[in-house]
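Q: The residues making up each chain are set out below.
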Amino acid sequence: MQAALDKNYFELFGLPESFSLDLTEVTRRYRELQQQLHPDRFASAPDQQRRLSVQMAALVNEAFQTLKDPVRRGRYLLGLKGIDTGEESDTAMNPAFLMEQMELRESLESVRDSDNALAELGVLETGVADAFDARISRLQACLDESGKEDLKMARETVRELQFLQKIRAEIEQIEEELV
Amino acid sequence: MALLQISEPGQSTSPHEHRLAVGIDLGTTNSLVATVRSGTADTLADSNGEHLLPSVVRYRADAEPVVGRDALAAAASDPLNTIASVKRLMGRGVADIRHLGETLPYEFVAGESQMPRIHTATGDRSPVEISAEILKVLKQRAESTLGGELTGAVITVPAYFDDAQRQATKDAARLAGLHVFRLLNEPTAAAVAYGLDQKPEGVYAIYDLGGGTFDISILRLNRGVFEVMSTAGDSALGGDDMDHVVASWMMQQAGIGGDASRGELRALAREGRRVKEALTESDVVSIELDQGTPPWRGELTRDEFNKLIDPLIDRTLVPCKRALRDAGIKANEIDGIVLVGGSTRVRRVRQRVESFFGKPPLANIDPDRVVAIGAALQADVLAGNKSQEEMLLLDITPLSLGIEIMGGMTEKIIPRNSTIPIAKAQDFTTFKDGQTAMSIHVVQGEREMVDDCRSLARFELRGIPPMAAGAARIRVTYQVDADGLLSVIAREQASGVEAHVEVKPSYGLTDNEIETMLKDSFAHAREDMDARNLREQQVDADRLIESVTAALAADGEELLDDAERKTILTALTNLEAARQGSDLQAIKQAISATDAATQEFAARRMDAGMRKALTGHTLDEFTSGK
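Sequence lines, in order, name chains A and B.
Following the numbering used here, the numbering of the first sequence begins with 1266 at its first residue and continues without gaps.
Following the numbering used here, the numbering of the second sequence begins with 9 at its first residue and continues without gaps.
Treat the hints with care, as some may be off.
Claimed, not checked - Straight-line Cα separation of at most 20 Å, DMTMM-like style, residue types lysine to aspartate or glutamate; simulated pairs:
| no. | chain 1 | residue 1 | chain 2 | residue 2 |
| --- | --- | --- | --- | --- |
| 1 | B | K420 | A | E1352 |
| 2 | A | K1333 | B | D334 |
| 3 | A | K1431 | B | E419 |
| 4 | A | K1431 | B | E454 |
| 5 | A | K1431 | B | D334 |
| 6 | A | K1272 | B | D615 |
Claimed, not checked - Derived DEER-like restraints, expressed as beta-carbon distance ranges:
| no. | chain 1 | residue 1 | chain 2 | residue 2 | range |
| --- | --- | --- | --- | --- | --- |
| 7 | A | L1383 | B | T309 | 36 to 44 Å |
| 8 | B | A562 | A | D1409 | 38 to 46 Å |
| 9 | A | K1431 | B | G416 | 22 to 30 Å |
| 10 | B | E209 | A | D1409 | 26 to 34 Å |
| 11 | A | R1433 | B | E419 | 16 to 24 Å |
| 12 | A | V1388 | B | D50 | 53 to 61 Å |
No wet-lab data here; the hints were simulated from the structure.
All residues carry an ideal CB built from backbone N, CA and C; glycine is no exception.
Please take these sequences and the hints and turn them into a complete structure.
A: Next up, the structure:
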């Protein structure tokens, strides 16, 4: 079983190690794996097997969460290639990107006091979503397109996506407060 | 095929043997037990034909406790010894109880652990023990109706129950002598009862307003798979609060002051409930109170009642919004709403839910019984009576699980709404040179500060080799099992020093306390402890023999070579021999030996199962074009 617990998430799901994934397919495989491994399948089994099943099902859940989220998937894939995205330890970012982020944050701060907060928030949200999508495409090219592989750029992109994800969450939070 | 014949005569390994399994809804106000018979799930009645067992326990000096209707009848005359709504106290600490204190007419005393106890005529009783009395009655009812011993039970809990509340429920089952297959979230059970998985893929909201708890869960259903997307709720909000709101209104109208006795308060709450229930059918209900001076006559209209309870319903809509947000969907994207819990009979609740989600809710199964019925269906699957391929319930953890870090802050390790089972690890380090111990404080909740979260457990990792500050790597792993129960392991990576806790002590009973209670309860029932232990080991042995035999029959040829098969068969033969005897230790040893002999086989089977899951899928594509 150690063999299965040591498999990487792509191997576990029987999928090729690539950034581009068919999410419907990932979801289907996830459900099929859980049908086999979930502790409910071992309700009357001996303790040892139940423990094994809890471990396996937990691993499959974690793998699914990682594979279905593009940012987590990108980070994980880079990790498999020996590259640590180091969001916590390495805070050096592209200055142009940082400038953009600071401007975004300033707009976000001022939006609360605006008379037209929801509409302004909507504009910000669209902008962030576009920036996000553009980077996902870039990440895909950096990781998957033969001849274009650029792991350094991929690392940079994942780090930027992490930023954008945080901003997105904040926008949603403010929206929630306003409604 | 020779492998199929290894069982002793009389040893049942037939896959078609029907095992007795029940679903239990351990409710705040009422509890129920249900089972599947001839393919249909239904609740079981007592000898008077009553299905609902009021969750009320009355303790009497020198006599067995009374549970249910008779206990309820004594609530006003003997309030101190008659415990109702004990579910609200499960897994709660003394401080939490003080919050509820005003509405609870009991005498609380501090116990050995942090769990509060209620002083009764037969001594101090913990909420776990009181709940166990209710479970015992239901177990007894099921066993006498079904004519045999139960293999196991699925017990439902509000999805929003935290770890301490779940652990308390499981402890109560253990005290009642029940084997718990699974703690199942009530909303998931309701979705199972409605067979929503039979419909095309859809997203459903389960709105569950019981006597003392409120839950909202958002589920995605697809061909037998129930995926809980998010859950939220309030574990101290329910129909009881409506009764109290009405009671307060009556007291105000009648000029009854705060000096009313406990018995009077109880009677007022009961009158409040009567009025609430009557207003489901009538537009106006007349009330006569004897307590006031002079006695008060009056009436309450449904409109006024609606105004009284609207703030309570508002409080349910806050978690609804949060659950929708966490699931990433809008209210109008919900394909259907299921109502659960007796309090959803209140018309105003239905109106408000309908206008919130923009469509009429489903309520064609009795909202009091729907949870028990769903639990019974799941118990039937887990007992192995029904094909396993049919149903899979993927629950989530309702609250974030974290750890205390410097400055009294919380670091979340497992975020709320994570699908369970789940395991997550995080590395920590020492902050002083030569630090040899680390204190680990496990908390549950969403807030940043530890003081605002629920403290689940504290333990220490000792024996860290002295190193410079920041050099040690301490990996803390949180694992939540399918019941939603947490265990925590802390391990220093370099030296391998390890500390492990099943999270329970803070508000729960210690294992010692449970052991003592078990002993007491057996002594009380004049059961022989040794006989009980032996019986338990025999059941474990039977289960193991059956599972290994079935595994060998299914995969023995394929996954094992002759020598490996022989080793397992020898262990199995020894276990069967020990099982026939009455030497407790011999059976225990034979069980461990069989466990050890089959470890590798079990691992290979699971690996093969995974491969089958993935290839089976490919076959699917070719054969059925799905």
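Q: Against this structure, judge whether each hint is valid.
A: Now for the hints, and whether the structure bears them out:
With a CA separation close to 17 Å, the supplied pair K420 of chain B and E1352 of chain A stays within the 20 Å bound. For the given pair, K1333 of chain A sits about 16 Å from D334 of chain B by alpha-carbon distance, which is consistent with the 20 Å threshold. Distance restraint check for K1431 of chain A and E419 of chain B: the Cα-Cα separation of roughly 17 Å lies within the 20 Å cut-off, and the hinted pair is therefore satisfied. Between K1431 of chain A and E454 of chain B the CA atoms are separated by roughly 17 Å; this keeps the pair inside 20 Å, and the hint holds.
Of the supplied pair hints, the one linking K1431 of chain A and D334 of chain B holds, its CA atoms being roughly 15 Å apart against a limit of 20 Å. A C-alpha spacing of about 11 Å is found between K1272 of chain A and D615 of chain B, which places the hinted pair at or below 20 Å, so the restraint holds. For the pair L1383 of chain A and T309 of chain B, the supplied restraint of 36 to 44 Å holds, since their beta-carbon distance comes to about 39 Å. Restraint check, A562 of chain B to D1409 of chain A: a C-beta distance of roughly 40 Å satisfies the suggested window 38 to 46 Å.
Checked against the given bound of 22 to 30 Å, the beta carbons of K1431 of chain A and G416 of chain B, roughly 24 Å apart, stay inside it. At about 29 Å, the CB distance of E209 of chain B to D1409 of chain A agrees with the hint of 26 to 34 Å. Range check, R1433 of chain A to E419 of chain B: Cβ separation about 22 Å, and the 16 to 24 Å hint holds. A hinted range of 53 to 61 Å holds for the C-beta pair V1388 of chain A and D50 of chain B, which are about 57 Å apart.
Figure legend: structure checked against the earlier numbered hints; every hint is met.
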